[in-house]
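Residue numbers (numbering that gives the first Met the number 0), protein chains in the order written: chain P, 0 to 274; chain Z, 0 to 385; chain C, 0 to 265.
Note that these hints are calculated values from the structure, not bench results.
Predicted model, so just to flag it, every value in this text is computed and none were measured.
Some hints here could point you the wrong way.
[Said to hold, decoys possible] With beta-carbon atoms standing in for the labels, derived distance ranges:
(1) C:102 to P:132: 48 to 58 Å
(2) C:16 to P:259: 35 to 45 Å
(3) P:253 to C:132: 27 to 37 Å
(4) Z:89 to P:125: 29 to 39 Å
(5) Z:81 to P:260: 45 to 55 Å
(6) P:259 to Z:234: 52 to 62 Å
(7) Z:93 to P:34: 28 to 38 Å
(8) Z:93 to P:252: 49 to 59 Å
Beta carbons: idealized from backbone N, C-alpha and C, even for Gly.
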Amino acid sequence: MNRPYYFFVLPAVALVALMFLLPLGWLAALSFGLPEGFTLEHYEALAGSSGIRSMLWNTVRLVTITTLVSLVLGYLVAFAMAHLGETQRMLLTLFVLVPFWLSVLARALAWLILLRHNGLVNEALTGAGLIDRPLQLVRNELGVIIGMVHFLIPYAVFPLFAAMMTVDRRLVMAARSVGAVPWRAFIDVYVPVTLPAIFGAGVLVFIFGLGFFVTPAILGGGRVVMLSEYISVSVLQTLRWAQAGALSMVLLVSVIALVWLVARAIGFRRLTGVG
Amino acid sequence: MHRERDCYTGRITVASRFTDDLIDLARTELAKGRMDRRDFVRLCIGAGVAPAVAGSGILSASEAAAAAEEIVLCNFGGDAVAAMGEAWGEPFTADSGVPVVVDGGVPLAGKIKAMVESGNVVWDVCDGDGFLCDQLGKQGLLEEVDYSIVDKSRLPEGWAYDHGIANYTYSFVLAYDTGLFPDRAPTLKDFFDTETYPGFRTMWKYQMGAMEACLLGDGVPPEELYPADIDRAIAKARSLGDDVIYWESGASSQEMLMSGEAVMGIIWNTRASVLERDTGGRVTWTWDEGLYCHSSFVMPKGHKASAAATNQFLNSVLVPERQIRLLELLGNGPTNPAAASMLPEELVRIDPGHPDNVARQVTRSEAWYEEHYDEAVERWLDGISA
Amino acid sequence: MELSRRALRIVAIGAWIVVLFLLLPGFVTLPVALNDSRFMQLPQETLSLRHFEALLNDSGWHQSFLDSATIALAATVIACSVGTFCALGVWRLGGRVAAVTLVIAMTPMILPPVVGALAMYRLWVQLDLYDTWPGVVLAHSIVALPYVVTTVSTSLAMLDPRLEQAARSVGATPWRAALDVLLPNVRGGVISGAVFAFIISWDEIVVTLFISTRAVYTLPRRMWDGIRENVDPTVAAVAVVLMAMTVIGVAIVMIHSRLRRTRPKS
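Sequences and hints are given; from them, build the entire structure.
Written as structure tokens, this is what we have:
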């Protein structure tokens, strides 16, 4: 009965398994010391290295902050798009789409020009007499967060907007007719109904954030070293492939676990469409 | 010989229309840079038209003779692609008929290793730091240099490695804004004195040059620099607090000093001389307390060009005139000591390897880096980011 | 949702502030592209079109535009067709098989691109796909696939499963049911998946840096080189052109759909 549907998923599974997971398996094998033997020393080394621990902690911390900020701002924009009428919706959609097309490299440079010590923002603020000395807005964690939030907001907006468009307006009307004020209706009815989309967008943004490479490298001023860059150094420069493999496996398992937990919490079907 | 010719002519006549089209197409592709010469030549041989191509003026007769042979030189991209092609590739092709294709594919150690292990080695010669010759060579990833072809006397003692040769020199130098130091060049002690000389400093994010500057600035005598105390260097770097920005590409180091965002920087000499030109002397550099390094060419194990051709190419890299041309184009100095006396006056000042300039610098220990590079980079990154 | 005028106004102001923030880097890109020097900086005295001229006259940039466009189109077609069917299959199969399939299809998104890049680089060199057009298309398709699967799955999640059962019960094969009944209902998801896939391929840099060098030279790669080598303002001109193309493209789509909606049905 279900057999034809296996053929539906086959091309995707074959493509990823053969061209992506297979070569990745080699990296995974290296992380267990294969083919010379089996060892967990690379994983023990990960746990034992204070440098790696602090790098991982920094990554998770920054990506969490970024995800939360992107979700809140993205929700606001999506809400406006869903409820402000045709013209505003079109303009907002257009303007959310524009930065999508601005290369991640061009954006990073633009942020430097805007935010650095002698950049536009600082010069404007000093010129207006608001500050005496330039603010440190970039080449630190703040700069990385600004750059990442900027990149990720559109990725939060579209799933949220899609969900809001399907929210049954009558639901909210009903809530109000039994006496709820708009604000309460928003908190008690609207937000819970869009919760799966919030989680879905949050997971997407979070996972995306974990892989960031260019933005932290350019906007972090060298002192914000995140996971991707760390792996890149072990892979390309220091040839510690087993360590890179172990880090990747830990990341893969953690992210799958995270998605599974979120899916369980809000219902797998509602998150992914899988019943 | 005659029979072969006849055979070719015959095929050309039969398929002349088709092959003409093919060659036309290939020629446009080649001109656009969409097809490399190896593919081009392969295609022409496939079509049986190598001699015809030789006659067509795209390839010389000797090139067609050496048709299967081609050297792919991989370097770090950017201006170096054209510069190495001009300084080394073209003259070598003129001598030997073997085309040299420069590929800016960024041959970091990890990529070389993965390529060798995959068994399909696309690069014949790769650019890398001096200590990589021994580091990768000992892992069995590189071919040995054939010193019956490469003339060892063209290199200083110790720069002719078993698995590679020193191809050019470069330095990490202290560049500075003359607005802050109008009368004299700063020292590394000034570099770390943020009280007297406020403003951002910049160093390379990836440890090299930066670590040495930290140690020298902390009072380590030059002759005791190696074995390096990484923790001491990190502590010194951290003492700069928020006054340091780490650069990650040569262009970003240049840009920070250019825009005035940073007032001092430990940067590559190649960038320092460009900065001096672009700022009309507002930013300049000193060789004092610089870190003098050399780079190398290595041959990944199992590469496709013949050992004879690649070794001949390595030998040609050491021709002083060609190395001087590279210095003019890129700012990377000659490794052949014979070049020093041939340098025009204006190049002496920018050559990191000129004896006058070397005397003012500290030389990087390739032996220490071969042993400790991995650990040093990782600890440095942990240290500056924590 | 019915909101008071005041609340709506606050939402609108908030949303526009966020949008301004989104547009900010675009705003500075234009003056930088118009600056009169060889450097990436704001115009000092006069404006100039020299960087646009450089762009117009440099066949390298044209070739990169073409490379990126064809690669992104091909990768979008592959990722979108493979991904949509995958999502449909997963939706219908359900249970453990679906979960495992989904995890497999998602791995290229979950792992940092640099990990996949190394793995693919090794395999691509082995298979002679290194630095070839099909090689880059294939890599981009794999990287973009999870985004298509996610977006299509999200729209399927809101679909009533009985729809498909109804189609099957009147005799439609799974393929016909998928093509004629399901696809039209998840068109929005497929389209946004395609847009995602296109953008991801169009802007992909990490994997591209590993698996291509000179035969295939995509736009982000050329920009990357331009930025790391010379901080070349042509890059800003490219960004301006890209943004202008986006604005025009989206505007055309919007006007078109508006015209269609307002036109009376005959």
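(Q) Checking each numbered hint in turn, tell me which of them this model violates, lowest number first. (A) Hints 4, 6 and 7 not satisfied by this model.
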